[in-house]
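Colleague: All chains should be modelled from the sequences, with the hints used to inform the complete structure.
Number of protein chains: 2
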Amino acid sequence: MADILPKPLQRLILVLAKLPGVGSRTAMRYALHLVREGSDRLEELSAALDETRREVSLCPSCFGMSEGGGLCPICASPERRGETLCVVEGIGDMPPIESAAQYAGRYFVLHKLLSPLKGVGPQELHLDRLLDTVRDHGIAEVVLATPLTTDGEATATYLSRLLTQEGVRVTRLAAGVPVGGAIEYLDRLTLSRAFQDRKEL
Amino acid sequence: MADILPKPLQRLILVLAKLPGVGSRTAMRYALHLVREGSDRLEELSAALDETRREVSLCPSCFGMSEGGGLCPICASPERRGETLCVVEGIGDMPPIESAAQYAGRYFVLHKLLSPLKGVGPQELHLDRLLDTVRDHGIAEVVLATPLTTDGEATATYLSRLLTQEGVRVTRLAAGVPVGGAIEYLDRLTLSRAFQDRKEL
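Top to bottom, those sequences are chains A and B. Using my numbering, the first residue of the first sequence is number 1, and each one after it goes up by one. Using my numbering, the first residue of the second sequence is number 1, and each one after it goes up by one.
Treat the hints as calculated values from the structure; they're not laboratory data.
Negatives, chain A to chain B, calculated, CB over 10 Å:
1) D136
2) T150
3) D151
4) G152
5) G167
6) R169
7) T190
List of simulated lysine-lysine pairs, DSSO-like, C-alpha gap at most 30 Å:
8) A/K18 to B/K7
9) A/K18 to A/K118
10) A/K18 to B/K18
11) A/K7 to B/K18
12) B/K18 to B/K112
13) B/K7 to A/K112
Where chain A lies over chain B, by a calculated footprint (3+ residues, C-beta under 8 Å):
14) 68 to 80
15) 88 to 101
Backbone N, C-alpha and C fix where the C-beta goes; we use that ideal spot for every residue, glycine too.
Modeller: If you want it as structure tokens, here you go:
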């Protein structure tokens, strides 16, 4: 049915369908919306993409994202506590942690998790840079905020061992029942952790 | 929380959030995905947008979309029946109609519906071009496929009167229970139409 559309639009739909969670119907909706909105809207998005491509790069300190090759806003901020480091899997983990407003330290982005199944070993996680950061900045506590998945847990266990040798305090995000979550629909692994880690009131 | 992101990325998120049904969280997800995928993916989407902007324009015959300023694939096709014309509100209505595979004629895209509330009158619907098409191409039947909304119905009523004067057969898409739809959850207007238009078996 898409063959009634002009070829450039068909190509645009294929490219948009590569976005996460976007199927061909949603991609068509986006593409038709952009075309209906007109030339300005198409150019606006194209320009924003080009600017991002040209100017956004990895922060040389935390491997988060920065502008123009310098430090990212967090690493550059004098207001962030420099002696705690939060280790996350990806840049997408930082905004929700920031919005939780409980953490005021710096970050370190792994970009990958250890995964024996996918053949990702410790040498692919630029852990030498993590150790450099811990040593150079006199880090006192590392909070491991990798996901509660098999790979995330394996990574946390490995990093915990590695960092404890450095004499750093290593902590892990608490596991348990999500706030607002019904017990009725909770999976057994989460409930099992919530029972194990139950606390005195 | 987005202020920890580089400015170009913040701008990209704002632009992506203008897509239909895309909030700031989804826009951030799309933007972070594109950045993670790297420079090639950003450029691919940007190039597809630029190509669409340069090469896609309105078909001079049906006001659908065409490439390079010529007729659209449907108007240019010798296999489409030239004596029936399907009037739709927007270009987004054509792909689902095509995929229903019941219609083999041509289209006419209004781009707007009559709307007394929004102040859209007949003069804004390029109806002179619709009448020209009907006369010049010897159209025998016009299928009104505007939506079953107040504005869509008002437009269909107006066009029906206008086109009947031209001696053309004017039809309207059937209203009723959607296929696969439960009666239990159906709104009363649809059910009312389904009863009114019930047919002998």
